[in-house]
Structure formats: C-alpha cells, structure tokens
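K.L.:
Residue numbers (this note's numbering), protein chains in the order written: chain Y, 124 to 472; chain P, 124 to 472; chain V, 124 to 472; chain C, 124 to 472.
For the record, the hints were derived by calculation from the structure and aren't laboratory data.
Be a bit skeptical, because a hint or two may be false.
Which copy? The list can't say, so a pair holds if one copy fits it or any two copies do.
[Said to hold, decoys possible] For lysine-lysine, the following DSBU-like pairs were computed, each having C-alpha atoms within a straight-line distance of at most 35 Å:
1) Lys436 with Lys286
2) Lys361 with Lys351
3) Lys453 with Lys207
4) Lys436 with Lys231
5) Lys361 with Lys163
6) Lys286 with Lys380
7) Lys259 with Lys207
8) Lys380 with Lys453
9) Lys286 with Lys240
10) Lys286 with Lys455
11) Lys380 with Lys361
12) Lys419 with Lys163
13) Lys380 with Lys419
14) Lys234 with Lys259
Predicted model only: the values in this text are computed from it and were never measured.
There are 4 protein chains.
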Amino acid sequence: MSKKIRVGAIGCGYWGPNLIRNFIEIPNSELVGVADLDQKLLARMEDRFPQIQNTTTNYRDLFEMDLDAVIIATPPQTHYTIAKDCMEHGLHVLVEKPLTLNSDEASKLVKIAEEHKRVLMVGHVFEYNTAVLELKQLIDSGELGDIYYIDFIRASLGLFQTKANVLWDLAPHDISILRFLLGEDPLTISSTGMSCINNGIEDVAYTTFTFPNRILAHIRSSWLDPNKNRSVTIVGSKKMVVYDDLEPLEKIKIYDKGVEVIRRTDTYGDFSFSYHYGDMTAPYYRFEEPLREECKHFLDCIENGKQPRSDGKNGLRVVQILEAADYSLKNKGIAVSMNFETNEITSAF
Amino acid sequence: MSKKIRVGAIGCGYWGPNLIRNFIEIPNSELVGVADLDQKLLARMEDRFPQIQNTTTNYRDLFEMDLDAVIIATPPQTHYTIAKDCMEHGLHVLVEKPLTLNSDEASKLVKIAEEHKRVLMVGHVFEYNTAVLELKQLIDSGELGDIYYIDFIRASLGLFQTKANVLWDLAPHDISILRFLLGEDPLTISSTGMSCINNGIEDVAYTTFTFPNRILAHIRSSWLDPNKNRSVTIVGSKKMVVYDDLEPLEKIKIYDKGVEVIRRTDTYGDFSFSYHYGDMTAPYYRFEEPLREECKHFLDCIENGKQPRSDGKNGLRVVQILEAADYSLKNKGIAVSMNFETNEITSAF
Amino acid sequence: MSKKIRVGAIGCGYWGPNLIRNFIEIPNSELVGVADLDQKLLARMEDRFPQIQNTTTNYRDLFEMDLDAVIIATPPQTHYTIAKDCMEHGLHVLVEKPLTLNSDEASKLVKIAEEHKRVLMVGHVFEYNTAVLELKQLIDSGELGDIYYIDFIRASLGLFQTKANVLWDLAPHDISILRFLLGEDPLTISSTGMSCINNGIEDVAYTTFTFPNRILAHIRSSWLDPNKNRSVTIVGSKKMVVYDDLEPLEKIKIYDKGVEVIRRTDTYGDFSFSYHYGDMTAPYYRFEEPLREECKHFLDCIENGKQPRSDGKNGLRVVQILEAADYSLKNKGIAVSMNFETNEITSAF
Amino acid sequence: MSKKIRVGAIGCGYWGPNLIRNFIEIPNSELVGVADLDQKLLARMEDRFPQIQNTTTNYRDLFEMDLDAVIIATPPQTHYTIAKDCMEHGLHVLVEKPLTLNSDEASKLVKIAEEHKRVLMVGHVFEYNTAVLELKQLIDSGELGDIYYIDFIRASLGLFQTKANVLWDLAPHDISILRFLLGEDPLTISSTGMSCINNGIEDVAYTTFTFPNRILAHIRSSWLDPNKNRSVTIVGSKKMVVYDDLEPLEKIKIYDKGVEVIRRTDTYGDFSFSYHYGDMTAPYYRFEEPLREECKHFLDCIENGKQPRSDGKNGLRVVQILEAADYSLKNKGIAVSMNFETNEITSAF
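Isolated chain Y, as found in the complex (with noise of 0.2 Å):
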C-alpha cells in the first residue's frame, strides 16, 4: 500500500459518524472532508475526530479536495442526486441502504457507475457480517438439507423516517440478506402493513416472499414494538438455524432436527407425531466488525479494480423489490411480481 485513498464523507446524522471513524482507523485511507447541512454536526465531528481535514455545508466543495472517493449517508431521497453527482466528479461511491428510493434512479445510477467506471457500492453491511457468511455457508455446502423457509424479523420501538416507511428503512437489511443467501430473486413479492403513528408511512409491515424451488420468506418489519428483535430463522429438511443478531456470543444456533413423514394411525386421536429432537450446536465464531469489512472491501475494490459483493446492481435489486413490496403494501397485500429489467411491477395472478 503506497499511497492512502482519499475519502470524504456526505451527511454524519445518524449512520455517518459509524463511516467516518472506520475510514478513519482503516490504515490505508484518510478522511479530508466532511460535509452535512448541519453546522452544529460538522463541529461535533471535529471535535471527535481531529482526524477530519475539512468540513463543509455544500457538499460540491468535497470536488475540490482532490478525493478519490465519497460515502453517502443522507436521507435517502437525497441518494440519487448525490451520488450521480460525485460519479460524474470522477469520484467512487459508497452510498447507504437503500441505493434508492424509486428502481428508475437506481437503474441510472448503475448506469452511470458503469459509464464512469466508478465503484459503486451499498452499504448492505449484513453481507459483510460473519454469521450472515456462515449462514450462507451452511445452506451452499447443503448441511441444512433443502430449504423450505426462512423467516425474518426487525423489529423495535425505533427511529421513525418521515419519508420513507418500515419497509424501506428497515428491510433492505433482510431483502439483501436473503438474495445473497440463496442467490435468487423472488418470484412473488406480497406486503400488508399498517401506518398506526404518522399517516401514510407504515410502521409495520409483513412481507412474504416465494423463491424458486417452492422457497418461502417472510419479513417482519416494525418501528413500533417493545423489544427489540434481530433474528433470522432457516428451516430446512436436514438441519434449523436461528441467527440472533442480539446475543452476544452465540448468535447463530443450529439445530439437528428433521421432520419424518410417517403415517398416521386411524384412530379418534389422530395426530401423527413426525419430527425429530437432536443436538443444537452454537458454533464460536470470531467477529470483525461487519461495518469495518464493508468499508475494507469497498477500498480494495477501488485499489484492484474489483467489483462490491453490494454492488450498484445488488442495491438496484433490493430498491426493486421494495417498490414491489411497497406497491404490494398500498394495494391490500395483492402478490405481485417485478420484471427485473424494466422495472415492472405485475400482478402474479
């Protein structure tokens, strides 16, 4: 490593703080600027982190400063604008989930990545998380059996977004959590929710999805519920897993049970008892910060040329999917499908 990449950072609310400290301990990155419409923010970063070079309230002054690349964590409204901006000032973008608010940005953004032969990342950072990987390895290396369903659920009494509802600040999480662990796209999408607090902007949204190969997924959104909750449970013919994303050693717990189909006797009392105890098992598995190998990963495919596990294509796909859920949301929970590549939404009747 020569020479250090030369990152700026756009918005440092709520995420961005998270970003600047990591590209600032990452040893072969710097952070010169920093911009956010917020003057009191600006100054509270530059008393965590006399790290920062510059600070600015136009981000337009970040082109100045000889960068090679920006991160992004402005309301996501706000993404589609930025980001195109910074690409076609030569620079890399790491931009936050969700790519997009609509699939028409996010298509152009992608396109315009392309056309500048810029990196275009997501921050889908439960791709870059350990158990995430081990979950995607035990169902690759088939020690679950098939799959038969996967079932997800965020939920807390949490930050509420004002543009956007549950589905697409919270979601985007599992949706690209779920592509990548098997490496599909839905085939039908159904969302049903309710806006209890703010009109218009759900806060609770439950999401099913089918995959090919009789897959099935369902996602569990909610701003609006005492305890906290992370959790991904697997179910497959072999093996169950459950990820806890909230305990703090033993997050992924699988569990060797299986199902038998056996026949029933014929009797009044008629239930057939057809499944399997065995061992659970909580394997140690030793954790990096997912967020410190996202931003390792984005700066090694800026230096070698790669492209982002979460690249503009990926985050294009969950930005999809959530207009399809969405559209689902506001339409009684009516299943539809999206036509990947020109982003139409169709009932799957």
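Using the hints, position chains P, V and C against chain Y.
P.N.:
What follows is chains P, V and C alone, placed relative to chain Y:
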C-alpha cells in the same frame, strides 16, 4: 349442587384425556363413559382413570348411558357428524376446536343446537385463560390507549395433521383470542404459506387481518420451527403488552412505552427519535388451569341454562374466518372478506 | 414378573402423592395402603387415586396388609422411628431425603437394614436423573479434562420448614449429586448462612467443600430468592458444562472453552488474555421422569436382591456431610472434617 | 468554566484508554500527556486519539507538563509508588481499583493526600452507576424493608492476572458496592477458593460477610466460568431486587414478593407455604456511562475542593476488607475481623 352431571367422552387420543381428567376431578360431574375406535387407548384410560364406568368402541353406545353431556375430542373432520348425532340425542356438547372444517357444517350445528335447546360449546380454551382475560381488561379499560396492532406467534416443531393444515390446527386459538380481545370480526383476511413436508397440507402460514378502527392483526402459524413460541404482542398508543405463554411466572409484561409524533429536523442526518421509554411491569396473576375453567363453564351453562362464552356461534365465526384465510392461502394471499351471514367469500378489492 | 410388589405409603403431604402415583402407574407394583395423620389428606388421595385399597391414620396398620415394601415421605424428624419400625416388621424401605436428621440415627438404620436383609433406599432422586447421569459420563470419560470446581445453585422463594434448616432441606440433592459425580467424599466442609425469617432456622446458606485432587465445590442454598434457580456448573481443564434443570429442552450445555497458561507481557497494561473460546453444544437427551426411574430401581432391587444406587450408606454419607456443614454453619463457617467411621467432626486446621 | 483541567494518564493497557477517551471528551479537561512502558501502546494511543499532546515511557516526565491531575491505570502493585510520587509532586490523583495491594500502603496514601491537600480518588466505578444509585435509593427509602442478605456474582471466562488473585481483581467492585449500599463495614469476613490454573493465584473465590443488624452478604468471584454473570440480588423483608448488569435495558427488577411467617400444620405432610407472590417491575432509568460520571466527579472535586465519593479512605477500606478476605482465603476460610484503625486481622471466634 344436588345431582352430578353425567358426562361421556368421545375420543381419547391426544387431548381427550385432559378433558376426561378434568370432568373426573370436578366435583359436580362424573365421567360415565368413554368411546374411541382404538381399544388400546380405551384400556389405557381405564388403567389411568379407574373412575371411568364404561368404555366402548362405538360412540352411539353412550346414548344408552343416561348422559347429560358429551365432550368430543375426535379428529375435526368427524366433529360435524358426531356433534349433530349427540345433540339430536338430547346431549349437551363440548367439542374441540375447530368446531368443524367448513362453515356450512358449523352453521348447521349452531342451528341444531338452537332447535334442540342444547348447549353447544367449542373448546376455545384460551378464552378461559387468566392471561387472556387480563389482556382484555387492559384493552377495555383504555390502559393501552388506541390499539394499533396485535401480533401472534404460535410455532414449534409440532404435531402434524394430515387432513387439516396448520391454519386449521393452530390458528383457531389465535383467532378466538383476537375476536375475544377486540369484540369484532375482521374486515379483510389474507394468508400466505407453504406446504413443506406434506404436499398440499400447509405447515407454515402467515395471516393478516384488518379490523374496524384501522387495527391490524397478524398470526404466524408454524409446525416447523426449531423453537417453541407462543406469544401475543399488543401495541397501543399508550402502552404495549407482551403475553408469553411459555414464561412460567411472568406471562404478561406491560411496557409503558409510547410514541410521540415530533417534528423532524431538516438535516442530512435525518432520523427523528420520537419514542419514549418507560417502566415495564409484570403483574402477578393467580393462574387456574384454563381447561379446568373451560370445563367448569360448560357445566355451569348446562346447570343454569347460560350461553357459553365460546358458544356455537363463536365457533362458527372462527371456522368462517379460517375458511376465508384458507381460501386466501390457496389463492396467493389475496385479501378476502367473509360474509358472515351467507358464508360467502369475496375478494376485498 | 409374576406377582406384583405390594407397596404401602406413609405420608401424603407434599411429595408423597408423587411417589404414590408412580407406584400405581408402574405395572409390577400395587399401592395397597396409605397412612397419614391427616384424614383430609387421606380422603384427597382416595379421591384422586381410586386404586388405593386402604387408608389409615396409624401407619402401623400397614403391617397387617401383607406388604413387601413401604415408601416414607413424612417429615425428616420422623424418618428414623418409622423406617426402623418398618424394617423390623420385614418391609423394604424407600425413605425420602434426608435419611435422618443426624448421623447416629442414619448409622443405626444402615445397620438394621443389614441385619434384617432389607432394601433401604433413600430418595436421592437426582441420581436417577438423565442429566446427572450424562454429567457423570462427561466427567468419567475425560471429556472435561481435570475437574477444577463444581458450583451448585438451588434457590427459590421456597417452601419453609420449621424443624430443619435450608441445608437439610435443599442441600441433600446437591450433596448426593456431588458424591455421585466425583465418587469421593469431601475432605473439608465449611458453611456460612443466616436465619432471616425464623430465628434459629437458617434459610440461606453458602457451603464450600474441598475434595481430593484439589477439587473445589460450592453450594448456594436459599429459600429466599426472587428467582427460581437450579443449576450445576462444572469447570474442567478441557471443557465446561452447565446443567440448568429449569430449561425445558436444552438442560445441558457443553462449552468447548479452555484456559491456556500464557506468559504475561511486562507493561503497565498488564492483563494476560489466556483463554480460548469454542463451540457450545446442547446434546439432545430423551428424558424419563427421574422419580419414575427411582421407583423402578427400588422395585428392581427388591425383586433381584440388588443394592440400590442410593442405598442406606449413601444416605448416611449425605447426612454426615450435612451434619458437618450444619456444625460449621453454627460455628462461623469454620472448616471441618467428618470422620465417616465414627461420626466425629473435627476442625480442619 | 474558565480554564481546562490539565490531565495526564499513566498506563494505557486495558482500562487506561477508556479513561483517556473520557477526559478527552469531557469539555472542561484536556489530556496533556500519556505515559506507558510500552512504546507500541503509546503509538496506538496517539493514532487513536490525536488530541493527546505528549507521550513518554517515563511517567516522571509528566511532572514537567504543568498538569493538575493524573489518572493511574497501571498494574495494582505499582499504584502505591506512582500515586505517592504524583501527589508529592502536587498532582491530584485518580487511581484505578484496587487502591493498593495492602492496607499499609493504602493508609499511607490517604495520609499523603491529606498532608498535600490533594484529591485522592479510587476508580470504584460502580459507585457512579445509575443502577447502583437506584439500589441505594430502594434500600434507604425503606421500600425493600429490612435487608436480609445481598448476593453478588461476578464471573466470566476472564482476564487473568499473575500478581493478584481473583479477589483483588474482581471483588473490589462488589465490596465498594456493598459498603456504598449498606453504609457500614463488615463485622466478619470469610473466604474460600481455589487456584485452578496458576499455582498460588486463586481464580475462584466465595466470600461471606456479616454486617451489623444481622445482614449477610456473599460474593462469588470467578475468572473461570463459561457464562458471563454480573448480578446483585438484594432480599428484603418487603421486596426483593435483582440488578443484572448484562441486561441491555431492564437492569433492575423489583419483586414485590414477601415472606410471611405462618404456623405450620402438624401432619406428616409438613411444609408451610409461607410466601406470597406479587408484581415485578423494571423501572426505566436513563443511563449515563458510569465512567463518564466518575471522571466528571473527579474534575468536580478538583475544581470545587470536594471530597470524592470514592475517596482514599473509601479505597483504603476496600483494601482492608480485601486483605482480610485474602487472609481467610489462605487460612481455610476462617472467619476474621479487620481492625480498621490498625490494619490488624483477628480471628472472629
């Protein structure tokens, strides 16, 4: 109490023995006869409960035993025929949930009960559970504020049935709780799921309901989950409640957490923290066995000519809702409405 | 098995009914008679178990019932007199723990059993518990490595006794498990505690044991704890195990964590991280009711002339250890040794 | 606040960086210099905290930096020499726990602080923890009733030290909490334990205390436990409290359970149910970082000439109690008393 109520039991497979034990232990009833197709089960019952006076493999033999009432714990597809037969022979009937496997049969049973002036009660045992009564009290007293949504989970590595899917097996409990808590029938119902093990018999289902006053409800039903889970979460505008049936002591936890709508600040860093935390309380309740309460209620209705809390009409409503949910499940989760007078299901669009 | 073993029960207050139920349900025994001073308890037993043939308020009436054996579940201060009387009348005896409330009486019972060639067995039910058998297997197989220490907690908001303190009530279980696991008697014993509620009857006690091979053990016993807790932690040089009796399924968790002695670095920042983490496994065991296993073992010993696992001598040892612990408890926790031949307690200094 | 308090740090291994971070972030202090024997640790500090103005491998260089105060986070065996030196050079001192590894040195430091009129404060961080302050409030207000006993567990698979045993490493926290809660010193102390890994350095210890008013306390300290555990249970005559430091939100749970002394009935079935259950409440507290509160308190004492809550005398008492406990530990758990004036340990018999 002068004379003991003479009770017969039909079906002593999985659940029947619990009913039998209760009617033996309750002072003002006696368990006169037990019928089951399986001789071995009958022998086991005689061995375990010497108080049983007669056993038979033909339930119609019970009609010769001068009974007042029967309890029916046979497979659901047989409920209609047996319950009808018993009422027509002048017996009061307590039948296990679900009342029947279709609305037409359930409607007929309700009519037969009226015509013969017999008590027809369905074993919706959770309506006799102290915890559920307390939840209703919390809602009705206004302590929770406006109800936003109710989330049910009923999952385990479970008992499989081969004639009825997971909805018909597990969801009757949740639907009866839901109707009991809200005192309303749902406006729309949609359900998605998958048959993983038995082709055609869904073992996993996700069902959404809308109720009057913009209340949302969701039931997750699964026979295929590594962990047993029986919980109800009620989110209100003032407080939130979680009822976890598997907790040995602190089954109900009340969270004094609310959400306040606050103005967002207009920066790149865009989240509005708009909730407040508060105390959590787990009130102490003295629990009676819910099934004991249910059985005592049945006897009370017989003795004093009362209408059961979970009467035939209640059981019919649950069957109607299940039928609508099942229809949606078979039709890609389309939102449907049930006409509770005519048993007609219509698309909710 | 030709003839059923004829069993009588003395005492049907708290624990007696569980024994009665088991001897009724096990095919090769019959429950002939029940004695208790309290008529009401006897009536309740007759009501619940019609299989009981006789009841009496005078336990000596049982001697006229042609019994083979008795089970004694009376208050511990009465064990000696009743057990002696029964053995002298030719009956085999299963007596609840603790065998007696002092070593001299326990020694005499052992001698009487030998003289009359009767089975004398103590209800150390945990020695018949699948989980404890698995713990022993883990130790004996060497899987845990050298045993460093064993920590017991047995606490709850409990049943209080007025003749015996918490040591005599709760610790017999832990001491019998400890002796069973290690196959050794303790070298020294010390115990500290307090009588919070009843003057003179300790309701909280902390007891430490040293065993050969520098193994430490500690038992926390409490009738006064807001949470129920029943756990055993075994720390070995290779692995660690936690047995939590209150877990419904995963009662035993094996931690593949070890400790390596490493050299410390010599800086102001002085800590040496010298452990390694590893997988956790919760093996699946099929559990039988431990009390059922205990009762079957008692019958097996009678039929086949076997020595019980928890025989009189075993019960004597537990009483001797309790006596020593109680002496320490009354003497500011001084470490003492018990001479198991002479019942003499000496200071361990 | 006019002038910032100039702070130096000695030791930046395990805990030092946390103190450094706080004195950097608190507005009215600045972190002028850091000393450590290890150049690599110093380089890491400079990298992480560019706000640090000077570093040195010789702590006496700090005396040339016009400091007001130092924070000492070196191994405990060095505390005495360094703290003495610093106070004699006119600096206020915040030293990590334990103050020293023997009472005589601790006594001398207290005297030196008085003579030089310097603030001498010990890092008993739990005395600045919101949860502990709430526990004290619960005791002092009488809400718990009379205190019966307090049970501490502090266990994990831990950091090992080679100069001081687990008592000196972990128990200072619990002893400082205990003294803070009860406002008393213990009458007697006894401790038993074992050195499992390092010969001569106990890694497991069980320590019992008696306090005035017949209050019992017990501390379980372990570096060798598969599960991390940090809990305090306080049992009073009216209520019981559990403080679980590892719970993310509901750290304190108050149990409205009491015990009533009732007369026993005189039957063979002998148990007296003499407790009552009640509600459990987990009050919501807003938590500040306890270390931040501690650091601010230190600065406040310097600026305003206040005596610290955890002053030198407090630190001395904790060391005296540790010394007595360690004496007992080395002498088979004999109960001892400490003469807090003369540092003399006597047998409690």
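K.L.:
All hints, please: hold or fail.
P.N.:
Here is what the structure says about each hint:
1. Lys436 with Lys286: Intra 24 Å, inter 45 Å, cutoff 35 Å: intra-copy only.
2. Lys361 with Lys351: both (29 Å within a copy, 18 Å between copies)
3. Lys453 with Lys207: Answer is within: at 29 Å inside a copy they meet the 35 Å cutoff, but 45 Å across does not.
4. Lys436 with Lys231: within (10 Å within a copy, 58 Å between copies)
5. Lys361 with Lys163: between (55 Å within a copy, 34 Å between copies)
6. Lys286 with Lys380: between (43 Å within a copy, 24 Å between copies)
7. Lys259 with Lys207: within (33 Å within a copy, 54 Å between copies)
8. Lys380 with Lys453: between (39 Å within a copy, 28 Å between copies)
9. Lys286 with Lys240: Classified as within; 31 Å inside a copy, 59 Å across copies.
10. Lys286 with Lys455: both (21 Å within a copy, 30 Å between copies)
11. Lys380 with Lys361: both (7 Å within a copy, 27 Å between copies)
12. Lys419 with Lys163: Intra 29 Å, inter 23 Å, cutoff 35 Å: intra and inter.
13. Lys380 with Lys419: For Lys380 and Lys419, the Cα distance is within 35 Å only across copies (31 Å; inside one copy 38 Å).
14. Lys234 with Lys259: Classified as within; 29 Å inside a copy, 56 Å across copies.
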